[in-house]
Structure formats: structure tokens, C-alpha cells
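Asker: Just so you know, the protein sequences line up as chains A and B, in that order. Just so you know, we're using my numbering here: the first sequence kicks off at 1 and counts up by one. Just so you know, we're using my numbering here: the second sequence kicks off at 1001 and counts up by one.
Just so you know, not all the hints are guaranteed correct.
[As the list claims (entries may be wrong)] In the EDC-like style, the derived pairs of lysine to aspartate or glutamate whose C-alpha atoms are separated by at most 20 Å in a straight line are:
(1) A:Lys-14 - B:Glu-1242
(2) A:Lys-70 - B:Glu-1245
(3) A:Lys-139 - B:Glu-1071
(4) A:Lys-70 - B:Glu-1071
(5) A:Lys-92 - B:Glu-1242
(6) B:Lys-1244 - A:Glu-97
(7) B:Lys-1006 - A:Glu-85
(8) A:Lys-92 - B:Glu-1066
(9) A:Lys-14 - B:Glu-1245
If you're looking for bench data, these hints aren't it; they were derived computationally from the structure. It should be emphasised that the depicted structure is a prediction, and the values quoted were computed from it without experimental measurement.
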Amino acid sequence: MGEIVLSACGLSKKYGLSYALDDVSIEIERGQIFGLVGKNGAGKTTLMRVVCGQSTLFSGSVGLFGHSGKRGLAEARTRVGFMIEAPAFYPKLSARENLKIYCMKRGLPVSENLDGLLASVGLPGVGGKRYSEFSLGMKERLGLALAILGDPELLVLDEPTNGLDPIGISQVRELILRLNRERGVTVLISSHILKELSSVATHFGFIHNGRLIEQLSSKELHARCSDALSLTVDDVEKACAVLENICGCRNYKIFPHNTIRCYDGAVRPELLNRELNENGVGVSSLMREGKDLEAYFIGLLKEGRANAQLY
Amino acid sequence: MLNYIKADLYRIMTRPTFYIWPLLLAALPAAMIAGAGGMYPAGVILAAIPALVYAAFCLMALILTEHTFREDMQLGLYKNDMAGGASRSAVYIAKLITGILLLALLWAVCSLSCIVSASYWLGGDSGLSLLKDMASLQAASLFLRVNVFLAVFQAISIVFKKTSALILVYIAISAAMAYAMKWLGAAWPGLAGFIKHIAGFGAYGNFGAAAGAPHAAGGVALLLAPAACIIVLAAIGSMMFEKKEF
Chain A
1 MGEIVLSACG
11 LSKKYGLSYA
21 LDDVSIEIER
31 GQIFGLVGKN
41 GAGKTTLMRV
51 VCGQSTLFSG
61 SVGLFGHSGK
71 RGLAEARTRV
81 GFMIEAPAFY
91 PKLSARENLK
101 IYCMKRGLPV
111 SENLDGLLAS
121 VGLPGVGGKR
131 YSEFSLGMKE
141 RLGLALAILG
151 DPELLVLDEP
161 TNGLDPIGIS
171 QVRELILRLN
181 RERGVTVLIS
191 SHILKELSSV
201 ATHFGFIHNG
211 RLIEQLSSKE
221 LHARCSDALS
231 LTVDDVEKAC
241 AVLENICGCR
251 NYKIFPHNTI
261 RCYDGAVRPE
271 LLNRELNENG
281 VGVSSLMREG
291 KDLEAYFIGL
301 LKEGRANAQL
311 Y
Chain B
1001 MLNYIKADLY
1011 RIMTRPTFYI
1021 WPLLLAALPA
1031 AMIAGAGGMY
1041 PAGVILAAIP
1051 ALVYAAFCLM
1061 ALILTEHTFR
1071 EDMQLGLYKN
1081 DMAGGASRSA
1091 VYIAKLITGI
1101 LLLALLWAVC
1111 SLSCIVSASY
1121 WLGGDSGLSL
1131 LKDMASLQAA
1141 SLFLRVNVFL
1151 AVFQAISIVF
1161 KKTSALILVY
1171 IAISAAMAYA
1181 MKWLGAAWPG
1191 LAGFIKHIAG
1201 FGAYGNFGAA
1211 AGAPHAAGGV
1221 ALLLAPAACI
1231 IVLAAIGSMM
1241 FEKKEF
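The task is simple: from the sequences and hints, build the whole structure.
Answerer: Below is the structure:
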């Protein structure tokens, strides 16, 4: 087990009478890219705000790099880069001046290569432009530049691709993966674009109504999502006989256009293909059909509702 | 905290619009002295200067709070500071110190303008007399009382976002203080006078009058009372800031 970079234990946060976070516990190891998945108002941003100290806690504790307590956390937060909700900067100052001010505030050398930093987030040559003249996407990118200012070891990014064009989304993804790969930066990220999230995250946490309902690695997620083997054959009857008698699979369904879906995870596609061919069944397609992150999440919520109805 | 003060001073002082204020604070007394020079005796003009300076700086305290503290609040910039690992109290106190430093700078510019103008329009003796007044303990006390306003405005800003609301709340507090003092005056005349002096809610300052006031006779107490008031307000504001959601 690697070093625990971020740990949260029994976090609860109340707004009025309702819980925005309800007994949330989470552990993120060094080098992980942890994707936080949840609906609007599920508690993702609140969790991030609590971690970065923007919001106060009702109960529970947060640990960063093994530090906890007010003073320890304040010290540890200097090693963390945050971008939570819409970025905020001085509108009348240029991008470079805004970053320079934060360099001064954080005790970083002002001579730091700010133009290089801006270029790395896709803002080359606009260092002298006022923040108020920036487009929504450029503002997001500047927020990201502030987050990675000072080479943080942990990045907390809340919807970092909001307002970005497809090229921008791809650049942000590349940047996150590069920082993770080259500098070993640990990332806690949330996004509404679940497809995007699934392409970068190594671990996932599903949050619903302030509760962390599931936590799993991308391998586990992949295994759970890949739940059907879909094959199109020229002879359905023969294919079913092979499935039942040779592969021992009884959990399958026949669909129109000679398509069969096998829901038995133990059946290996390469063996099935060989057996079908040996028994004279022509296979025109054979593929693993699975749910994507979005479908898995929706399924999880439905299960949650079903469980809630039981009690 | 020093990094925050340095960054804020850099931000405010590199803004061209900031330089309107020292120019205005230098021009205002100079214009008054030049305009009234031929009409009134030097003594009358010199006596009016502290009241003018005090009134101008009370307004300046509000404007500086806008520059140092409220702008960040309205733009939602404190979340960046919190995320950077800054202690909330340190940020709050740093903002107050930045305001005090800027007020001191403006006070120096205004005093210099007063002295130069008095020397030029009213004669060298008047300039020298004003220089002595400006360098006195009473003038320092007056400056600290202006800073009490700064601390009050900053503390109120945590709760009230709109400047108009801030002014209204300040007027309401002043009225409540005046009413309380009227009531206290009947019961304990000495205590009411003391509160009126330290809080700066009473009459505009006057270097000479302050020196003659019974509670000011102690000298150092003249500085300690408003200084204590600033510290208490800073502590209260800091505690409120600790609880604030960003």
C-alpha cells in the first residue's frame, strides 16, 4: 500500500437541516487519479471545499500527507493545488500579474516562469491580457494554471473541463495524465463528463446524497462493467448448443438478427470462438459489451433506490 | 503574513487609480488653506485643519477597506488564499495591517501638504506650528482613531456585502453609541466621555482640544485606548472570518 496522501474520516457537513456530506470516509494513495462521480448537489464540491479549507466541518477529520489538525493542514495545503468551482481572479489585472500576486502570497520566487506555466495550460502569449477580457474557457485554464503553480503533489480539480472546447478538454486530460506520469502528482477530480473522467481516473468514488456509496479501482470497474459477450452467428441453434454443452453457459439470451448475448463472465471469448468454428458455426462478430461509467453510475443509483425502498 | 501584506501592497500600489487618493488628500487641505488664507486669521485656519483631515480620513478608511478587503470578498478570491494553506486569521490581520500601512502613507502625504501649504500661504511660523501639531501625541491618537474606523469597516464587511449596507450599519452603530452615551452620560459622566473618546464616535478630532481633555492627560493612554480598540476589533473580525464559508 502506498503513502496515503489524502484521508477523510467520517466527514459530515450540514447546511441548515440537510446533510451535504454524511459520514464520508475516503483514502487516496500517492499516484492515484481519483475520480469523484455524483449528480449535481451530491456533495462532490462540498467534499473538495472541506479538503481545501474553504468550508468548515460539522464533524469528522481530514488528513493531508499524514498531517491533521488546523496547523498541520494549513502547512500541508501548501503542497496541494486546488481548482474548485469557477476560478476567481482580479479582473483588471493581467493573467501574469494575477499569477505573480499568488507567487508573492505563497512565498514562491516571482521570477518563476509564468509564461511557461500559462503555455502549459494552453494560454500561450496571453500573459499580458486582462482577466476580464478572457473567455470562459481561458478563465478555466488560468484557474488550472493557479492550481499547478508551485508544483503541487496533490491536485484537487472540481469540473476542470467546464466551459472548455473539445481541444481544451483533450489538453486538460493530457496535462493531468502528464503531471501524474512525469511528476507523480496525485489527483482528485470530479467531472460531469463521465466518459472523460473514465479515460483519466485510476480509481472512482461514487457519491450520492452526501454519502460515498461505492469506491473502486478502474480495473474493478472495468470487470463489473464488462458483463456481456455479444455474438452474431449464422446458426443460432447450433451456437446455443455449443454454449450450453461445451462452454457450460446457460445464462444467455437470443436477440433478433441472429445475435446472442451471454451473461456468464466465465466464458472466454477466444475459446468460444474456437469451439463455434470447430462445430461449423460461422461467427460474424464477437465482442465484449459492457456498460460505460455513466451506465454503471445510473445503475448504482437505481440499486440504491431499490435498496432504500426495501427498508 | 508578510507575504500577504507585500502582495496586497504591490497589487494596490501598482493600480493607477489608487494614486487619485494621495493627490486628492494633498490637494484638499492645500486648496482650503490657499482659499481661506486671505479671509481668516491663521489661528482659525490651523484649528480647522484637524477636523478636515479627520473627516477626510474616516471616509478614506471606508475606501481603503474596499481596496484591501472587500474587493477580494466580492470577487470570491479568499478561496484561493484558503486553498493555498493560508491561515484565515493571518489573512484577515494582513489585510488590516495593509490598510493601516496605506492609511499611514496617505496621512504622511496629507500632513506634508498641510505643512507646506501653511508655510507658503500663512507664513513660516504657522507651518512650524502645524508641524509640531502633526508630530504630537494627539495627532498620533487621531490617526489611531481613524484606524478604529478601518477595523470597524473591515469587521462589518464580513457580514455585509454592499457598501451602502456597510454605511447604513455604521450609521446605526453610531446612533446606538450616541444614544448609549447619552444614557451613560446621565449615570456615569466620566465613563461616557472615555468611550466617546476611544471609539471616535464623538466630535471630530482637534489636536489642541484632545491635549486639554482630562482623559488625555495621561499621554500614553491617548494612544493605548484606540490601539486596544483596534486589537479587540481585529480579534472579533478574525473570529468571524474563521467561521466564514468561501
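Asker: Decide, hint by hint, whether the structure agrees.
Answerer: Tested hints:
no., hint, verdict
1, A:Lys-14 - B:Glu-1242, "holds, 17 Å"
2, A:Lys-70 - B:Glu-1245, "holds, 16 Å"
3, A:Lys-139 - B:Glu-1071, "holds, 19 Å"
4, A:Lys-70 - B:Glu-1071, "violated, 27 Å"
5, A:Lys-92 - B:Glu-1242, "violated, 28 Å"
6, B:Lys-1244 - A:Glu-97, "violated, 27 Å"
7, B:Lys-1006 - A:Glu-85, "violated, 27 Å"
8, A:Lys-92 - B:Glu-1066, "holds, 15 Å"
9, A:Lys-14 - B:Glu-1245, "holds, 12 Å"
The structure fails to meet hints 4, 5, 6, 7 from the earlier list, while all remaining hints are met.
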